[in-house]
Amino acid sequence: MRGVLSDRMGAALLMAPLLLFLILAYAWPFLGVVKWSFTLPTPGLGQYQALLTDDLVQSVFIRTLRIAAIVTVVSVAAAYAITVVWVRGSPAQRLIAEFCILVPFWISVLTRAFGWVALLSNRGLINTWLQSIGFISEPLTLVRNEFGVVVGMTHFLIPFAVFPLASAMRSLDDRVLLAARGLGSSRMRTFWTVFVPMTRSGIIGSALIVFVFSLGFFVTPAILGGGRSVMIAELIYLRIFQSPDWGLGAAISVVLVLFVGALMALLFRYVKPKQLI
Amino acid sequence: MQQPGRAAEIKAIGIGKSFGSFRALDNLSLNIGRGEFLTLLGPSGSGKTTFLMILAGFVQPTEGKLFSDGTDITDRPAEQRAAGMVFQGYALFPHMSVEANIAFPLKVRKKSAADIKKRVGEMIERVGLIGHEKKLPSQLSGGQQQRVALARALVFEPGVLLLDEPFSALDKSLRGQMQAEMKRLHQETGTTFVFVTHDQSEALALSSRVAIFNHGKLLQVGAPDEVYDRPDNRFVAEFLGEINMLPLKGVKPADNGSTGLCEDRAVNMHCKAEKVRGDAILAIRPEHMSIAREAAAGENGIAATAIASTYLGAATKLDLTTRQGAKVTVSVPNEVAAAALSKGNSVWLTWPAEKGFLLPDGGQ
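Sequence order for the protein chains is A and B.
Taking the working numbering, I'd label the letters of the first sequence as residues 1 to 277.
Taking the working numbering, I'd label the letters of the second sequence as residues 278 to 641.
Note that these hints are calculated values from the structure, not bench results.
Ideal placement from N, C-alpha and C gives every residue a C-beta, glycine not left out.
One should not assume that every hint holds.
Stated by the list, open to error - No farther apart than 25 Å at their CA atoms in a straight line, the calculated lysine to aspartate or glutamate pairs in the DMTMM-like style are these:
(1) B:526 <-> B:541
(2) B:549 <-> B:638
(3) B:526 <-> B:515
(4) B:594 <-> B:540
(5) B:549 <-> B:631
(6) B:411 <-> A:173
(7) B:384 <-> A:174
(8) B:460 <-> B:410
(9) B:288 <-> B:509
(10) B:529 <-> B:506
(11) B:412 <-> A:174
(12) B:494 <-> B:303
(13) B:632 <-> B:571
(14) B:412 <-> A:173
(15) B:384 <-> A:173
Unchecked claim - Just a few of them, taken from the derived set where beta-carbon distance is under 7 Å, the chain A residues facing chain B:
(16) 175
(17) 178
(18) 197
Modelling step: build the complete structure from the supplied sequences, incorporating the hints.
Next comes the structure, spelled out in C-alpha cells:
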C-alpha cells in the first residue's frame, strides 16, 4: 500500500464502506423522518406545537428523563465499585470482576429482559422465595412498573459505564495515592478526597454515555414496563405503528435525536472517543 | 517520625527485602542521626529506593526492625508514620490548588482553619510561591511544582523528610538552584533529611553523610570527603568519580601507613594495610596526580607516556599509559597537558602519600 496510496487516502478508503452504510441506512432515512415531521398530516410546525401541549407526550418525556437519571446514578455507582476491583484488585479479584463485566455482553438484551421477568414477576423466583420464608405475605410488584425498568436497564448498562471509568483509573498515577497516605491520610479519606476527584472525567463520561443510552431504550422498558411505564422510544413506536400518527412520531424522533446529539457533543468535551471502548 | 517540630532519629537493624526470588535489600543496618542530611546513593536497582519506601512505610521489609526515636515502627502503616515525602515526579494532587495541596496534611490532622491558613501562608512564603496560591499544579513550571511538593511535605513539621530523586526531571541550572534551596530548608527546619539519588556529585554536594548502595547491599556510609577520599572498595571508589587503579605488589605495613611496589618502584601510602596484604590496587583520583619531569627519591611516582588529551575549559584531561601498560587519567592545567603531549616520551606522574589508597586486588 505504502507508496501507492498516501496514508490519508488509505484511511479514507478503509472508512468508506462504513460511512456509506451509515449514510444510506441512517442519515438518509432520518432526513425522511425530519421531512415527515414538518409535512404530515399537513405542512407546517403543527406537530412541534402539539408536542408542547400534548399531556401524554410530556409525561412520557418526563418519565424518560427520570428513569434515565435514576439508571445513570445507580449504574455509575455500581460500575465504579466493580471497576475499582477490576483495575486495582488482586489478580483473582480482577478475574472475577472481568467475568462479571463481560458475561452480560454475550447475552442478548431480550434474553436478559425475560430473565429479569422470571426473577421479578409475582410468581417469580424472588417473590416465591420471600413468601416461602414468610418475609412477605402478598407478592411485591417488582415488574410492569418503573422499578422493573430501572433494574433491567441498569443491569444492561453497567458494562458500558465501566470502560470510561477503567480508563480514568488506569491513567491515575499511583504515587499520588501513596503521597496522600504518606501525608497521613487514611485509605478511606484518600479514596474520597484524592482517588474519586481524580477520576472525575471518567465519571462524567460514564454518566453521559449511560444517560444517552437510557434515553433511547426500547426493548427493556417495553418488556419490564409491561406497557405501564412507557418511555420515549416505545411512544415513537406506538405513534408510528399503532395509532398511525406519523407526523407526531417523527417530531418526537427529531427532538430526541437533537437532545442526544447535544449530550454527545458535551460527552466528547470530557472524554476522548477511545476512552469509551 | 512522630512528634512534630522535632527531628527524628532512625535506626534500621538487619533490614532485608525480597520480591519473589529477587533480593532487593540485604541485611541493612544503619543509624540516621537527628537532623542529619543523609543521601542514599547508588545505581538503579541498588536498593536505595526500596530502603526509602521501607522508611516511609509503603514497603514492608521481609526481615529486620526499624526504630524511630527508640520506638519500633516496623509494622506501623505509612499514614501513622507521617514522614514527609517528596516523590519523583512530585505526585501533587492535580485537582487541588497549590494552597489546597499544601493544606492537605494539616486538614488530615484536623487543624483549625485559622492554624491551617497561617501555616500554609508561612510555607508558601518560605518556598517562594507567593502569587501562585490559587493555581493548579498543571499551571506551574517543574521548579514550582517541586517547591509545592517540598512545602506540602514540610508543612506538618515531620520528624523526617524523605526525598526520592526529586531533581531528576529538572534541567541543570534549575537543579543547582533547587539543591541550594533544599540545603537552606534543611538548615531552617532542622529536620532529618533522607535523600535518594543516583547522581554522585549531588550526593557529595548536599549531604552530611552518604550511604552507597549496590546490588541490595549497603557498601559504605560516611561523610562526603570520607567516602570520596577513602572508599572501602572498588565500587564505591569508581561510583563516586573517575579514579586511576594501579596494580601494587608486596604491600605491607610501614611506619606512618603502608608501602608497596608500583611497577618496581617503592611507593608509600598513609592508609593502613589492614585489609590487604601482598597484591593490591592503588587508587588515586585524577585531580590528585600531577605531571613532573622526574620523581625525587622517596617521592611517589610512576613513569608514563601521554597519548591523548581532552580540553575541558578550566583544565585538561590527559590520558597516559605506564611502562607496564596501565591506563591513567589525570586532570592538569591546560599548558601542563600541552607540554606533556609535545614531549612525546616519558613524563613522571606523582602524588602525595595521603591521596593514594589501597583496595583489595580484584573485584570488590
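Inset, instruction - List in ascending order the numbers of the hints, as given earlier, that are violated by the structure. - result: none
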